[in-house]
Every structure is written in C-alpha cells, then in structure tokens.
Amino acid sequence: MSDEFYLELSENPVQFENASSVNNVFFDEANKQVFAVRSGGATGVVVKGPDDKSSVAFRMDDKGEVKCIKFSIGNKILAVQRTAKSVDFINFIPDCPHTEFTQECKTKNANVLGFCWTNWNEIVFVTDQGIEFYQVYPDKRSLKLLKSQSINVNWYQYCPETAVILLSTTVQGNVLQPFVFKNGTMSKMSKFEIELPVVPKPAKLNLSERDIAMATIYGQLYVMYLKHHSRTANSPSAEVVLYHLPREGACKKSHVLKLNTTGKFALNIVDNLVVVHHQSSRTSLIFDIKLKEPEGAVNTHQPVLPARSIHPYRIPLAGPAVVPTQPPVSCQLYSSSWSVFQPEIIISASEGKDTSSWYLQVKLPPTVNLLQDKGKLMDFLLRRRDCKMVILSVCSQMLEGGGENGNLPVVATVFDKLNQVYKEYLEAEQSNPAAMESGPSRGSAAQKRPIITQAVIDQSDMYTHVLSSFTEKKGVSHKFIIAVLMEYIRSLNQFQITVQHYLYELVIKTLVQHNLFYMLHQYLQYHVLSDSKPLACLLLSLESTYPPAHQLSLDMLKRLSTANDEIVEVLLSKQQVLEALRFIRSVGNHDNVSARKFLDAAQQTGDQMLFYTVFRSFQQRNQRMRGSPAFNPGEHCEEHVQHFVQLFGDQSLLKPSTV
Amino acid sequence: MASGMQEKQFTPCLLSFFIYNPTFGPREGEEEKKILFYHPNDVEKNEKIRNVGLCEAIVQFTRTFCPTKPAKSLHTQKNRQFFFEPEENFWIVMVVRNPMIEKLNKDGKPPTVEYQEEEILDTVYGAVVRQCYSMYKLFNGTFTRAMEAGGVEMLIQKLEKFFYRYLQTLHLQSCDLLDVFGGISFFPLDKMTYLKIQSFVNRVEESLSLIKYTAFLYNDQLIWSGLEQDDMRILYKYLTTSLFPRHSEPELAGRDSPLRPEVAGNLLHYGRFLTGPTNLKDPEAKFRFPKIFVSTQDGYEELHLIVYKAMSAAACFMISASVELTREFCEKLDGLVGPQLTLLASDICEQFTINRRISGPEKEPQFKFIYFNHMNLAEKSTIHMRKTASVCLTSVHPDLMKILGDINCDFARVDEDEEIIVKAMTDYWVVGKKSDQRELYVILNQKNANLIEVNEAVKKLCATQFNNIFFLD
Numbered sequence: 001m002s003d004e005f006y007l008e009l010s011e012n013p014v015q016f017e018n019a020s021s022v023n024n025v026f027f028d029e030a031n032k033q034v035f036a037v038r039s040g041g042a043t044g045v046v047v048k049g050p051d052d053k054s055s056v057a058f059r060m061d062d063k064g065e066v067k068c069i070k071f072s073i074g075n076k077i078l079a080v081q082r083t084a085k086s087v088d089f090i091n092f093i094p095d096c097p098h099t100e101f102t103q104e105c106k107t108k109n110a111n112v113l114g115f116c117w118t119n120w121n122e123i124v125f126v127t128d129q130g131i132e133f134y135q136v137y138p139d140k141r142s143l144k145l146l147k148s149q150s151i152n153v154n155w156y157q158y159c160p161e162t163a164v165i166l167l168s169t170t171v172q173g174n175v176l177q178p179f180v181f182k183n184g185t186m187s188k189m190s191k192f193e194i195e196l197p198v199v200p201k202p203a204k205l206n207l208s209e210r211d212i213a214m215a216t217i218y219g220q221l222y223v224m225y226l227k228h229h230s231r232t233a234n235s236p237s238a239e240v241v242l243y244h245l246p247r248e249g250a251c252k253k254s255h256v257l258k259l260n261t262t263g264k265f266a267l268n269i270v271d272n273l274v275v276v277h278h279q280s281s282r283t284s285l286i287f288d289i290k291l292k293e294p295e296g297a298v299n300t301h302q303p304v305l306p307a308r309s310i311h312p313y314r315i316p317l318a319g320p321a322v323v324p325t326q327p328p329v330s331c332q333l334y335s336s337s338w339s340v341f342q343p344e345i346i347i348s349a350s351e352g353k354d355t356s357s358w359y360l361q362v363k364l365p366p367t368v369n370l371l372q373d374k375g376k377l378m379d380f381l382l383r384r385r386d387c388k389m390v391i392l393s394v395c396s397q398m399l400e401g402g403g404e405n406g407n408l409p410v411v412a413t414v415f416d417k418l419n420q421v422y423k424e425y426l427e428a429e430q431s432n433p434a435a436m437e438s439g440p441s442r443g444s445a446a447q448k449r450p451i452i453t454q455a456v457i458d459q460s461d462m463y464t465h466v467l468s469s470f471t472e473k474k475g476v477s478h479k480f481i482i483a484v485l486m487e488y489i490r491s492l493n494q495f496q497i498t499v500q501h502y503l504y505e506l507v508i509k510t511l512v513q514h515n516l517f518y519m520l521h522q523y524l525q526y527h528v529l530s531d532s533k534p535l536a537c538l539l540l541s542l543e544s545t546y547p548p549a550h551q552l553s554l555d556m557l558k559r560l561s562t563a564n565d566e567i568v569e570v571l572l573s574k575q576q577v578l579e580a581l582r583f584i585r586s587v588g589n590h591d592n593v594s595a596r597k598f599l600d601a602a603q604q605t606g607d608q609m610l611f612y613t614v615f616r617s618f619q620q621r622n623q624r625m626r627g628s629p630a631f632n633p634g635e636h637c638e639e640h641v642q643h644f645v646q647l648f649g650d651q652s653l654l655k656p657s658t659v
Numbered sequence: 001m002a003s004g005m006q007e008k009q010f011t012p013c014l015l016s017f018f019i020y021n022p023t024f025g026p027r028e029g030e031e032e033k034k035i036l037f038y039h040p041n042d043v044e045k046n047e048k049i050r051n052v053g054l055c056e057a058i059v060q061f062t063r064t065f066c067p068t069k070p071a072k073s074l075h076t077q078k079n080r081q082f083f084f085e086p087e088e089n090f091w092i093v094m095v096v097r098n099p100m101i102e103k104l105n106k107d108g109k110p111p112t113v114e115y116q117e118e119e120i121l122d123t124v125y126g127a128v129v130r131q132c133y134s135m136y137k138l139f140n141g142t143f144t145r146a147m148e149a150g151g152v153e154m155l156i157q158k159l160e161k162f163f164y165r166y167l168q169t170l171h172l173q174s175c176d177l178l179d180v181f182g183g184i185s186f187f188p189l190d191k192m193t194y195l196k197i198q199s200f201v202n203r204v205e206e207s208l209s210l211i212k213y214t215a216f217l218y219n220d221q222l223i224w225s226g227l228e229q230d231d232m233r234i235l236y237k238y239l240t241t242s243l244f245p246r247h248s249e250p251e252l253a254g255r256d257s258p259l260r261p262e263v264a265g266n267l268l269h270y271g272r273f274l275t276g277p278t279n280l281k282d283p284e285a286k287f288r289f290p291k292i293f294v295s296t297q298d299g300y301e302e303l304h305l306i307v308y309k310a311m312s313a314a315a316c317f318m319i320s321a322s323v324e325l326t327r328e329f330c331e332k333l334d335g336l337v338g339p340q341l342t343l344l345a346s347d348i349c350e351q352f353t354i355n356r357r358i359s360g361p362e363k364e365p366q367f368k369f370i371y372f373n374h375m376n377l378a379e380k381s382t383i384h385m386r387k388t389a390s391v392c393l394t395s396v397h398p399d400l401m402k403i404l405g406d407i408n409c410d411f412a413r414v415d416e417d418e419e420i421i422v423k424a425m426t427d428y429w430v431v432g433k434k435s436d437q438r439e440l441y442v443i444l445n446q447k448n449a450n451l452i453e454v455n456e457a458v459k460k461l462c463a464t465q466f467n468n469i470f471f472l473d
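Residue numbers (full-length UniProt numbering), protein chains in the order written: chain X, 1 to 659; chain P, 1 to 473.
Hints were generated in silico from the structure; no laboratory data involved.
Every value quoted in this text rests on a predicted model; they were computed, and no experiment measured them.
The beta-carbon is built from N, C-alpha and C at its ideal position, and this holds for glycine as well.
Heads up, none of these hints are tricks.
Some chain P residues close to chain X (C-beta under 7 angstroms, calculated; not the full set):
(1) 195
(2) 198
(3) 199
(4) 203
(5) 228
(6) 376
A short list of chain X residues far from chain P (calculated; beta carbon distances all over 10 angstroms):
(7) 279
(8) 366
(9) 397
Throw the hints in and build the complete structure from the sequences for me.
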C-alpha cells in the first residue's frame, strides 16, 4: 500500500509562526511568499519565500491593522493595504527614499478589495466599483493612473503567471470579466458566464470565490469552477468545469472533470495535472485533460487513477530547542486548517505548531502499478516532468514478464507511443536544429523555437536501459526476445525512424546465440536489417558458422555501392582473384586498383595459369593507360615480374608495342 | 519421308516404382520378403522378384567399382531406372519409360517405335525419386521409425497407404530443372509489410502458445518460415503442388464462401481451415489435422499441421503432435487469426499493387528465365505458368528445357563460376550463368542475334532484375 501514494508534500516546508492576535499571516501567490506581520509590523515583518535564501525581515510602523501585504516582482516595492480606501507603499530599492507613500483609490465611495502587482512597478487596485491600473514611481514616491475601468465587482482572482485578473460581476456573481495586463497596457478580454446549477430567487450572490481558480495547464489558461452537487439539479456528484480562456476570442467551456462524490474540495495544478482534494475522505484525485482524445466541444474526464491520500508526512521539529532523539510529529493531512493556493501550494496551520507551506508534488513510480492500461500509462507518463527513467523502468518491467498471454500487443502499443513522440522530436529537430542543442534558453529568440515539452525515449535510451539487459536475461525465451526486438524495429520503421546499427547487432547476436541462422537469413532477404558496412562485416565474421553469410554480406556490400574496395578484399581473401578482377572491371575501376594486391593473391593460390592471366591483364592495362606494358616502380611489382619470368620465361612478357 | 506417314509422340511415363530391403529376405525362397512396396501391384510375383533382384545385382555389381557411390541410374533403350538408398539398406527404384515416337506404317504393318533414350535427364528424375522419399518422410517419418513402431507390417502398410495416392500425382512428363532445384518461390514484399507479418506471427505464437512453428505464404509464395530450410522446402512443395491447388479449384469455380455472416459480432473475415475441420459450426466436425515430421537438433519431432487461409494469405501453424487439438482451440484460433489474417492479406495485396505500379513495366519480365540460389533455395521462373493440381505448364519447348538441364549438369561438375551460351535450333539462344551459389538460365529468341548481342541482352537482364545482389557479369 505504502507505494501507492502518488502525491506527496515537498520535503522542506517553509515554516512560520501561527497566526494569532498579535501575528497576522498573509500569502502572496504571485511571489509565493508568506508574510508574518507582528503587531502591525512594529515588532517585525518576516517574509519567507519558496526557498530559505529568499527570507526577508524588516520592521515598519504600526499604522493600523494590515489587510493585505505584497512585494512587487523582484521585492522592489512593498505594498500594504490598511484601509478600505488606500494602499501604502514602501521602497525596497537601494538609493530610493524609504519613507512610505500612499495612494487613494480614484473612484469615489469605492472600497479597495485588494491589489495585484503585474510588474515590478505596475499595480492594479481592485475595488468594488472597478479596477485602477497604476504605474509606481518609487523615486518620486508617487503613482500615475494608467487606465481604469468601472464595473461592479463582487470579488476577484489573479493569475500571476499570465497576469490576468478575473472579476466576478452581476448580482449572482457568475458573469466573469477577465483583464490581461502587459507592459503598461490593460486589455479587456471577453466576458463569460458560469452556468450555475441552481438559480436562486430572488437573485443574490451565488458564485463563491472559493469555487473558482485560475491556472495554466499545458500552456493554456483555464478558469476552473468547482460545481457542487445539488439536489434539485440533475447532478448527483460534484464536478470541476474547466473554461478555456484563450488570448483572443471567446472563453469556452471545454472540460468537465467528474469527481463522483460530494463534499468539500480544493484544487491544485501540479505538472499540468488537475489535483482535486476531497476533505471528508482525505484523498485526492488527479485528472489529465490530454489523456483522452478530444471528442467534441466539451470533454468529460474521469480520474486518471483511483483516489489516494497524499503520502503521510512527518514534520521535522525545527529549532534549536528540539532534542535530536525526539521523533518527528506526523502531520494531519486534509485538516480543516489547510489552505490551498494555485498552482500547487498547500498551507497548513496546526495548533501548537508552526504553520507550514508546502509544494504539492506528483510521484510517478506509484502510478505505474495503479494504471493497468500500459498504453494509457505511457500517454500519462510522457507528459510528466522527469518521467524518462520511470518510463524506461516500466519498459523493463513489462518485458520481464516474458511471453505471457497477450503481452506482445501491449509491448507494441508502448513502443508505438514512445516512437510517436520520438518521431515528433526528430522532425522538430530537423526543422530547427538550434533549438534542440541549447535546450530551453532565455531571451526573445527562444520563444520562436518549438518547445519540447514531452520527454523523448530514443533508441539509445531504449538500448542502454531496456533492451541490452533484457536480451541477456536468463529464463526469458528467445522467441519472446526476438519478438520484442522485431516489434521495436517494426515500430521504428512505422514512424520512419532510421534504425541504429546497435539494434541490428542485438538481433543478430540473439539469433546467432540460438543458432537461428535461417531466421536471420530471411530477415536479411527482406532487408529488415538495413544495409550498412558494419552489418556486412558482422555477417562476414559469421561465415565460419554459417557459410551463406558470405553471400549475404557480398550482396549487401554490392547494394551499398560505396564498398567496392571491401568487395575486392573479400574476394581476394577467398582467393577468388579472377572474380575480383571481373568485379573491378564491371564497376569500371580497373585502372585505379593496386596491381600488387591482385598479383600477390594470384601468386598465393599457386595456380600458374591464374597468375599468368592476372599478370597479363595488368600488363594490358598498363599498355592501355601508359602505352607500355611495364609496371611503374611505384607499384612495387618487381618480384611479381621476376616470378613471371621464372615461370614462363622472358619471351612471355608483353613487349612494348612499336608504332 | 513418304507423305501420309503419321507420327505419335509419347512422353516419359512411370513404368514401375518399388521399395525393397535386401536384408529382409536373404535366403533363397524368401525373396518376396524383401519387397516392401511395388507399383503397379498387379505385376506377377515372380516378375517383381526378378526386377528387384536385377536392381540388387546392379547395385552390388557397381559397388565393387566405387563402394561409396553405387549406381544411381541404369540407361536402357526402352527405359531408365533410378536407384536411391535413402536409409541404410532401403532402396527406392523408379523405372521411367523413355519418350518415344510411334510411326504408323502403311500397308497395315505394325508401327515402328523409336525410343528417345537421350531425352531424359538423370538429374531431373533422380531428384523426383528423392522428393518422393522426402514427401513420405514429411508425413510418416523415416522407414526405420515405422519399423521400430510396428515392424515390417507397419512399414508396408504405411508405404502402401502413402505411395498409392502419391504416385498418381507424379507427372513425370512435366518434370524439369525446377524439380532439380526444389526451390522456394519467395513473395516480394516491402520491409514494413514484412515487419507487420512478423508482428502477426509473433503475436499469434504468443497468444496460442501451443504453436511451435509458423510459416506464412501469400499467393503460393513463401514469406516467412519458422521451420528450418530443408523441412520448409518439402512442406512448401506439398503446399504448393498438392494442398493449395486442391482448394483453389473450388475457389476458382466460385464456390468459395463469401464473408462468413455466421461469425458473431462484426468480426467478419475470410479465414478458413484448409486442413482439419471444414466447418467449425458442424457439431460432428472432427478436429484432426495431418501430422508431419520435421527435424530437430537431435532427431525429429511430430507435429500437427494446421493450414489456415484468408484470401491469398495462408498461415501454417505447427503444434506438437503430443497435444490433442480441441474444438475450443480451433475456435480460438479462428477467432484470433481470421480477422487479423484477412486484414493482413488485403494489406499485402494493396502494397503489392503499389509496388508493381512504382516499379513500372521495365521490371516486367521481357525475358524467359529461371533463377535459383542454393543458399536460400530462392527460385524464380518466368518460364513456368502457375502450377495447378494436375500439370505444371511451361511456356517453352521441352527441347529448350532439356538444354537448361544439360547446362545445369555442367555447372554441377565444377565449383567455379561459369557461363555457358548455347545456340539452339529454331533461333533460340540459351544462356546459363553461375556466380557463387547462384544460377541463372535465360532463353532468348532473337532472330539473327550474334554472341555479343546475346551477351549484352543478358547483361541488361542482370542489371534490371538482379541489381541488388552480388552477381558477377
């Protein structure tokens, strides 16, 4: 069971003092910072970022209760809201005046609901009557209104990643108006309406801020709506409805995630997965909106895996007061004190202990056993971060079972899934080689390049981590080994990927080991093992155990058409001097070959007539090329001339023809 | 010659075929015991004994000249006898009557018969005798095996049962060079489709783990063999000359069932068993398959031979004979293989048509040739028409086929590469080439062509048909 927890909390939580009457705690989703404000800041403000190094501590004057506190991007300017009308600013830039300055909202009688930084010096005030977009001038200690928009606001949400603010408007609150901010500009996106399960009468605010979240999934912005079940409407269980919010164009309802239960839920996005926590069952579900082929405008999804709890967590007791032997305290998961922030943050305040903030993480290894459908598992894994080794281990594991019933089709599916992605990668690489070499890089140039979001399992990964050890495993039938190798080669071919030599070598090695030469012969006959010089040489080396390998090798060299020298060498080594001579003539290379090599071979056969023929043939060549039958000194044929004279006498030498 | 004289040509035919073992009746008066099989059976006992005795004597006599290689054939004016000792002391003898011409004489005189003693080739009929034995062995195992299992009675019974039918299928008049080669015609196929077939075979063997070996054929041509070469060679012979032709005739006659609508669901397919049950739904159906014997590293094994066909694709599944095959197994096989094989068959057909269109007309044979590779037994002939159950038709005159056979004999005598060009009568040129383990025979009909032109034509043929193999000019 213990290896079935596929969600876990990050190892080192950010810990801070619990909220109390003297200590206020705030969380800023944009910078992922926790603010602990003691006594309105007078006795200190501690800011803890996602990692230990980014901690900041300072003091500020207590000018009343702090309602909201956030740094601008890069911790340049601190904004603090203490009243309903205004926001105070403190510069954190060196060489800038540190005294606070204040900005009141422009709209009369409006209450500031909150604010969001959209840049290091740009801020948006959200009031109940609209939004105001300001530029901050820290040196002048003043703000300039860039743009404003009046609209009735119930509540708002901000997605820092995309700098989109979502406003809840109308009486019921279900008409949502998004705005996007970029480099000092504010643009209104098309508004949309959330379908409510029940329309209350008389109309009143009916869409809660808690039921809406924004997140980017696979690079696209979505508004997630947690639709609770209702007895009156026809929805027996709760669901999450995803509205796709494109940069341009209308927002569309695109996915429905079926939760198949009711109760209190919270949402996170981890590694492009939607995680839904269910409090009463203390379990979480994950959804992958890409796991199903799109089937229409709205796609309904079931959880990828059965519901499981987050991996039990023990809080290491921090601080110097702790005795080392004291065991860490186990942490209550899914407690009512949990707050969940986008995309993947969970904050838990538990009594008597410090408040902790974690990142939620997906653990891939446990998913392997929970997702039986291997094809689906590959689709799922391939889209995850750091999936390569997990995928390779799934492959190894899958092959370990040997030739059990129906295993091969599964193997084939898995190979096809992997190679499809591999092929896409190769194509992208071909169209833009630079993007692959440098990997994800900064700068404007990088944006134009195709971003490889998926992992790629290439032939060498497969060979190194899976196939080579699999073929050496004892107890696996050779039939299955060969079937698997052929299946992999089939899959590569199907995606028109050039098969690397080492895979062929593996096939040949396995066949030879089991004396399956006739199979090998057939594969070569149908060119399943593609021609190459190394393969031809490998075949030559098999000749002693399997004589036909000689012919197969020569055929292959012939087809390569770049291996004429090798063919001559092979023939000469078999003392087939005449054949070699005929071959070299047929390819029109007679004039350039080394006479010595042929004469040596002819002499070695001990066949005098053969020697005579070969010698004559070269004399004639010399005559044709140079007008004289004699060999050039550079050809080093003196001893052969001598041998010839010895055998056949001076008078048999071809005489220079006289004009 | 005088006009009005009529000639009648007689092709070579089988006179007798017998099998004996001289050690079974060594004493006088027991000679009959030596005879294990004799065709024709209605020959008088003493004549049988005499004929066997003669063969025995010839073999014994020639053994004194060369103990390891006794006589293989005996040429006489009227017939030719072939001797073959497949297993120690077991002899198979085939007697073939020479082709002859009968000339009718006027005036009611009896016709004059002219035997053409030199028209038939030892290599061809020697190969036929060996094939007879191989075929027997494929279905029955060795002679010795029958002896061990049930003594001489068993062997005699088996021989009788097998050869009675088999000899009727021998068509001695149409035997030629291809019988000498005993080759296998391979179906040309692109790599991807070939890999799909591999995948199919591997999957079937995995899900029906009883299957030990699989062979795959399309259009009566081999694509994949899990059996070793020599076993496949004889099985291929059986499939293409006996089993397939027997089943293709009803197909041609249009009596083949179309899609089988009785198959449940939408898994319509064309698959059917060529061996075993003809109709799986028949409650009386028997699930018996022919058994074959193939060699293993230490002897031989007995296997059920299941031949299953969908359209032009045929798969042979071989299962250890020790397993009893049930209705359930056959139904499972039918359900699994039928749809896949149907799909594969249409894939292959499609791919084949595409390839043919791409390669265009220049690859179409303009030459009549026979190619054979000793290494993989691949043979290709544009001389032979499609084989049918009854005859194997050639498109050239028997005289030319005889020349091919003669050239082949010459090649067999030496190891080195050779080329022989023959000018036959009637304007034909016959070219034989041997390069390493490959042989090529070309028949050209070019009026007034000279040697150089013929040589060029053959070169051209090699360049178009055999450019992907190492075949020396």
